[in-house]
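Chemist: Going down the list, the sequences are from chains A and B.
Under full-length UniProt numbering, the first sequence has 173 at position 173, and the numbering climbs by one with no breaks.
Under full-length UniProt numbering, the second sequence has 15 at position 15, and the numbering climbs by one with no breaks.
If you're looking for bench data, these hints aren't it; they were derived computationally from the structure.
From a predicted model like this one, the values you see are computed outputs, not experimental measurements.
Some hints could be false.
To be verified - Okay, derived cross-link-like pairs now, DSSO-like style, lysine-lysine, Cα gap no bigger than 27 Å in a straight line:
#	chain 1	residue 1	chain 2	residue 2
1	B	K28	A	K307
2	B	K331	B	K344
3	A	K448	A	K55
4	B	K307	A	K28
5	A	K455	A	K55
6	A	K54	A	K447
7	A	K28	B	K28
8	B	K441	B	K344
Here is what each chain is made of, one letter per residue.
Protein chains: 2
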Amino acid sequence: AIKDPRVMAENGLRDKVLSLDSMNPWVKRVEYAVRGPVLVRAVELEEELRQGVKKPFTEVIKANIGDAHAMASAPSPSCCQVHQGPGLDPGLGEQGLRVRSEGHRQSCGGGSPGLGEQGLRVRTQVTPGPCPLCAAPAHPSLSPQTMLKLLVSGEGQSRTGVMIPIPQYPLYSAGIAELNAVQVNYYLDEEHCWALDVGELRRALRQARGHCQPRVLCIINPGNPTGTTGAGNGTGAFVLQGAPAPIQTHVYAEGVRVPYSFKERSFEMAHYSQSPSLHLSPPRCGLRGGYMEVVNLDPAVQQQLSKLVSVRLCPPVPGQVLLDVVMNPPKPGEPSYQSFIREKQAVLSDLAHKAQLTQEIFSQVPGIHCNPVQGAMYSFPRIQIPARAVQEAQVRGFAPDMFFCLQLLEETGICVVPGSGFGEREGTYHFRMTILPHVEKLRIVLKKLSQFYAKFIQEYS
Amino acid sequence: AIKDPRVMAENGLRDKVLSLDSMNPWVKRVEYAVRGPVLVRAVELEEELRQGVKKPFTEVIKANIGDAHAMASAPSPSCCQVHQGPGLDPGLGEQGLRVRSEGHRQSCGGGSPGLGEQGLRVRTQVTPGPCPLCAAPAHPSLSPQTMLKLLVSGEGQSRTGVMIPIPQYPLYSAGIAELNAVQVNYYLDEEHCWALDVGELRRALRQARGHCQPRVLCIINPGNPTGTTGAGNGTGAFVLQGAPAPIQTHVYAEGVRVPYSFKERSFEMAHYSQSPSLHLSPPRCGLRGGYMEVVNLDPAVQQQLSKLVSVRLCPPVPGQVLLDVVMNPPKPGEPSYQSFIREKQAVLSDLAHKAQLTQEIFSQVPGIHCNPVQGAMYSFPRIQIPARAVQEAQVRGFAPDMFFCLQLLEETGICVVPGSGFGEREGTYHFRMTILPHVEKLRIVLKKLSQFYAKFIQEYS
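In isolation and in its complexed conformation, chain A is listed as follows (with noise of 0.2 Å):
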């Protein structure tokens, strides 16, 4: 029976104005598993034991995401922000970083278009061209849906397909369910270190073709949750060859053992093949900067693209100036250099370690796979469950991988993601799990879960 809302309201009654059934279909179909239901589990033992609950650990590690501060593996900027007036404190900060900030606050002086604040802007113009979007600051997490926006168009067969690499990192896919685009999945090869092999691209691409319009090739460099860094031969020769473009990158400024980055070659093929490429920069953990590099954009979509950023917000002013020092580092000379050279030094070498350790450990194990870690900070071990595990998981209306890592989480405190959550070829189980603890931490995490994994095994069995 159809509810007249008026008849309701004389009587005093109210429909529901908003249920599962009313809302957004689409956003109901948006997934996100590295803050699933792992992780709140994970709180909410936390919780159990600050409340004195006996379990089988004392500590809850969060082993899910990769922040470096609050791991305390690099220098972090204080989350104290120091309150006062026109004019630095002098006794504030390192002289070079307090240079920059003065010449900030005069740049800043009111009204920034929504881009950003035009000083940095300038400061950060790191590709030259006439594109006056180019090395915007921009909100991070926003950049990949900004893009998308753009491309989504079409209905049925003429819709909007979105190559991703499987795994991926689910910003994608939930950025793609929230716009009803299509989803494309192309299969990184984990047999070659999780290389992007074109063969597979093209694949992906033909059969695409048939119930939907790819327009958009992402790649994610390094590779997050794979943690490579390499990008296949022959990707230069597919974009070349009336592949979707814009190609969508993401890449961070520092590779942990290869010093590699798909950016400039990203855009060395875009302007030999005038697609549009965008580059995107990962959020600088909890300082929320970020830009993104646009080359080949018709001059008419930038304006649009301009318009579209600028109703948001702009990133926050100090993720501006934290951008400014990443993308302008101190050079030598200068009243920091020695200690900025120190510092990445010694937290570049830490992550070799620390990546190096993490196959070592994981590669004693039978039954985990795990390939070098190269970039981010991020191992992605492949690990066999047995039959029967992947039954009881099947029960319990879990993933295998997820029911693998609710048990690794209940029984040692530690918090992995499922690969599940990120995709994974049918058949295959996965589990990410950042390598920034501490040294000594991660020795301890790594045998704890490798203990862990060789128990399950036998139990299930």
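Position chain B relative to chain A; hints supplied.
Modeler: Below, chain B alone, put in the same frame as chain A:
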């Protein structure tokens, strides 16, 4: 002719991948005047001044947005971040804030569930209830759009209608356009200090029912751009009588002159009527902290909202720390209490003085009508524009008040936002101007603007 991309590729051709024709049509419909052509021109003029081009003014005054820090009318957290390792430098900041910062450091501890710091969420829990999202820190510029995403569904006559005030802040109309929802205008009553009139709400609702399904009522309070705080009588009754919900409010923590908040009232109504209701706080300038509070939301939809929020990153840590201070200001006896009260009173009395000054000076100018500025940081005067100027604007393809604002900028360097960007009754013209400049500068701006207006009237009469 249909272009086959494979054939084109074989011939070495590429279709333009992304053009105005092939992009998302809904994005093209988005408009956002606050950062529109007037500001673009203002930035150009600044550059021309820097290059030594002679102008009838020496400085561009951006009175288009209300950035209290850029205008230096409020004590500002410095844009300098203090770089340090674990542990706080004891020489930094006020004792009260340092104590809190230490608490935040402890409650951060790795892996927030994307809804912001757990500790902070507990501390900002202002509304009792089972809702885990109550007072969750949120990206303030994302919150209205996130709520709209949940509520938009249906096609044709069942497409969700969203009631917004006219004039409105264009974040709402932009969000509606992007989601292809139906914008339903209700007009605020300028003759009664921009009051919200329940008869007008009923009219708008009745008419909208013919072509969409109105499900959302947005209330912006204190008004932006109108700068007023009164909600009008009868709103409560309207909400109870089968009108759309949730109520979406946009509330600043403190009014300028009238200490009235619509928030408490809307929650009272929502609790009574069982409608979901949402309260959004505005962004904190430069630090991007904010929160959303919901009541009466279906728990299943609540979960969907949590998921949608957690796909995005939580707000920057400094913004969350700031929010803690905003929600839990220093209490008598605490280290920072005295300075907090002193600063707060100074800021509020300064704003009240400027609000008064603005109304006084504009009221002396024939052709300008300026309501009292009660809240927010804006005045929104109505201006008469002579018929000849309206014609001239039409010839040049501008809305009449856009034409006025561009002329004002060229001759005086003062940058304000045309009323047409916020919506206004047919045949009326306005502009929005922040009242935040230092009082002596504000006096000069108001006088220059009034003089220019008198000259403009004379020129086109």
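Chemist: K54(A) and K447(A): Cα distance at most 27 Å?
Modeler: Holds. K54(A) to K447(A) sits at ~22 Å (cutoff 27 Å).
Chemist: Checking one constraint from the list: CA of K307(B) to CA of K28(A), max 27 Å. Satisfied?
Modeler: Holds, at roughly 9 Å.
Chemist: Could you grab the alpha-carbon distance between K331(B) and K344(B) and see if it respects the 27 Å cut-off?
Modeler: Within the cut-off at roughly 13 Å; holds.
Chemist: Does K28(A) pair with K28(B) here, judged by a C-alpha cut-off of 27 Å?
Modeler: Roughly 26 Å separates the two Cα atoms, so the pair holds.
Chemist: So if I understand the rule, the pair passes when the alpha-carbon distance is 27 Å or less; does K455(A) with K55(A) pass?
Modeler: Distance of about 18 Å is within 27 Å: holds.
Chemist: Does the structure keep K28(B) and K307(A) at a Cα separation of 27 Å or less?
Modeler: holds, 9 Å
Chemist: For the pair supplied as a hint, K448(A) and K55(A), is the alpha-carbon distance within the 27 Å limit?
Modeler: holds, 15 Å
Chemist: Within a Cα-Cα threshold of 27 Å, do K441(B) and K344(B) meet the stated pairing?
Modeler: Distance ~21 Å between K441(B) and K344(B) Cα, so the pair holds.
Hint violations for this structure: none, all hints satisfied.
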